[in-house]
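With the hints as constraints, model all of the structure from the sequences given.
Sequence order for the protein chains is F and S. If you're matching positions, the first sequence starts at 220 in the working numbering and goes up one per residue. If you're matching positions, the second sequence starts at 161 in the working numbering and goes up one per residue.
Keep in mind the hints are simulated off the structure, nothing from the lab. Treat the hints loosely; a few may be bogus.
[Unchecked claim] Covered by chain F, according to a simulated footprint, are these stretches of chain S (three or more residues, beta-carbon under 8 angstroms):
hint : stretch
1    : 284-298
2    : 309-319
[Stated by the list, open to error] Pairwise CB distance ranges (calculated):
hint : chain 1 : residue 1 : chain 2 : residue 2 : range
3    : F       : 312       : S       : 298       : 25 to 35 angstroms
4    : S       : 386       : F       : 383       : 22 to 32 angstroms
5    : F       : 349       : S       : 283       : 33 to 43 angstroms
6    : S       : 268       : F       : 227       : 48 to 58 angstroms
7    : S       : 232       : F       : 222       : 26 to 36 angstroms
8    : F       : 276       : S       : 167       : 49 to 59 angstroms
[To be verified] Computed far set for chain S versus chain F, every beta-carbon distance over 10 angstroms:
hint : residue
9    : 181
10   : 184
11   : 230
12   : 234
13   : 268
14   : 346
For every residue, glycine included, the Cβ atom is placed at its ideal position computed from N, Cα and C.
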Amino acid sequence: MSPILRYLRVIWQIIRKDIRLEWRGRQGVPVMLVFSLLVVFLFNFALQLSPDLQAGLAAGLLWVSLAFAATLGLNRSISLERESGALDGLLLAPVDRSAIFFGKSLSNFLFTSLVALVLLPVFSLFYGNNILNLSLILIVLLGVGATTSLGTLLAALSIQTRTRDVLLPVLLYPLALPILIAAVEASRGVLSGRALSDSRNWILLLLACDVLFTAAGLMFFETILEE
Amino acid sequence: MPKKPPGLIILDILSLIGVLCALGLILFFTPVEATMGPVQKVFYFHVASAWAGMLSFILAAAAGAGYLITRRFSWDWLSLSAVEVGVIFGLIAILSGMIWARPIWNTWWVWDPRLTTTAIMELIFGAYFILRSGLNTPEARARLGAVYAVVSVATVPLTFFSIRFFRTIHPVVIAGTSSGAAFNMSPRMLVAFFTSLAAFTILLADLVWNRFRLAKLKATNQQEMQ
Chain F
220 MSPILRYLRV IWQIIRKDIR LEWRGRQGVP VMLVFSLLVV FLFNFALQLS
270 PDLQAGLAAG LLWVSLAFAA TLGLNRSISL ERESGALDGL LLAPVDRSAI
320 FFGKSLSNFL FTSLVALVLL PVFSLFYGNN ILNLSLILIV LLGVGATTSL
370 GTLLAALSIQ TRTRDVLLPV LLYPLALPIL IAAVEASRGV LSGRALSDSR
420 NWILLLLACD VLFTAAGLMF FETILEE
Chain S
161 MPKKPPGLII LDILSLIGVL CALGLILFFT PVEATMGPVQ KVFYFHVASA
211 WAGMLSFILA AAAGAGYLIT RRFSWDWLSL SAVEVGVIFG LIAILSGMIW
261 ARPIWNTWWV WDPRLTTTAI MELIFGAYFI LRSGLNTPEA RARLGAVYAV
311 VSVATVPLTF FSIRFFRTIH PVVIAGTSSG AAFNMSPRML VAFFTSLAAF
361 TILLADLVWN RFRLAKLKAT NQQEMQ
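Here it is, written out as structure tokens:
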């Protein structure tokens, strides 16, 4: 088998394992989903939002609840591997560590995007304003991708500390600020009815974050997990 | 305890002289700014400490990269020292900026690119300390701290530019013109400005070196105890 095919197979096997675990346990996505809805409820009453939400507020609310949900998923994804030494097994496997990073980060991306895809229509119902459109979905996928690749890297960092998963948001949010700003601004543009090309700069910035954080994961995942 | 290296003693004295000179120039040599009044004099130390803070942030990441490549602990001591000193300079920049902003902008804080980026830098420094304090071995502290420093320095410019897309009210002192950079300052102000910059750069080097020496002494002490 060619090395590239083998590499892709490793990635796929890790994603498949995570999907199977999720399907049998159903402990990740539902928790993230309920949590993100609770964040929407909390903000609704904390900020006394009106049912006809302005585009800016809607975009902000959407991304804050997604960012919170993503943290839960990221923590779970890596602490799962800590249980009964599963991570050691993964690391002992004669495969490239960056393939493990890709696999974990893609399965995180998958689960968080799934949460987002359920959140969007519910959000539309609550605020009487259909926000489900292709441009917004594209922005959501780009933003979630950047957050989960950076988050996978930092979750591997935080899991090694004494405080374990408590640390992840503290490490993640200051570094994820450019993702959040770009995602909120791009979503705001789309939600207020402008064309996707009007938010070109923000989408390019999101793409830059995607590339940068994936590259960082590839470079440092091995270093983080070495013992 | 090993003696303080002579180079460091010289640097100690130089940074003291530098800061005193800058202070003297600011208080007695520079003119009082026409519209802002005496509060404008905060500007010299404000910019100098923001500069030193930014420099130490870059130094911390560079030293982190140095550790990841060579795996020598001296790089880690340098990285940690740069972060610790950088936190203080960042705080000075933020606080002195607030003192200036209150009478001039009529508010302590605005969500401007420079202010926000500096504040985020401080939060990243804070996260860096929490990360290190949660790790048990010096090796893990050095390795994971270095990764965090390198990754975070890559995000700070992104944060800066993403906020810059909004309009900013922060004054631009060094304006880019067709004939290169121009300074909106009188010659006397320029003298004090560059003296402050130089003084704070020397002070930064001095503090980092002192902190580096402390980290080194601590490490050798722990080795001897074992």
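Going down the list of hints, with the structure as the test:
1. 284-298: holds (count 8)
2. 309-319: holds (count 7)
3. F:312 with S:298: 25 to 35 angstroms: At roughly 29 angstroms between Cβ atoms, residue 298 of chain S and residue 312 of chain F fall inside 25 to 35 angstroms, so the hint holds.
4. S:386 with F:383: 22 to 32 angstroms: holds, 28 angstroms
5. F:349 with S:283: 33 to 43 angstroms: holds, 37 angstroms
6. S:268 with F:227: 48 to 58 angstroms: holds, 54 angstroms
7. S:232 with F:222: 26 to 36 angstroms: Holds - the Cβ-Cβ distance for residue 232 of chain S and residue 222 of chain F, about 33 angstroms, lies within 26 to 36 angstroms.
8. F:276 with S:167: 49 to 59 angstroms: Check passed, 57 angstroms falls within 49 to 59 angstroms.
9. 181: holds, 36 angstroms
10. 184: Since the minimum Cβ distance to chain F is about 38 angstroms, residue 184 of chain S lies beyond 10 angstroms and the statement holds.
11. 230: Given that every Cβ of chain F is farther than 10 angstroms from that of residue 230 of chain S, nearest at about 13 angstroms, it holds.
12. 234: holds, 19 angstroms
13. 268: Label holds. Min Cβ-Cβ 21 angstroms, cutoff 10 angstroms.
14. 346: holds, 37 angstroms
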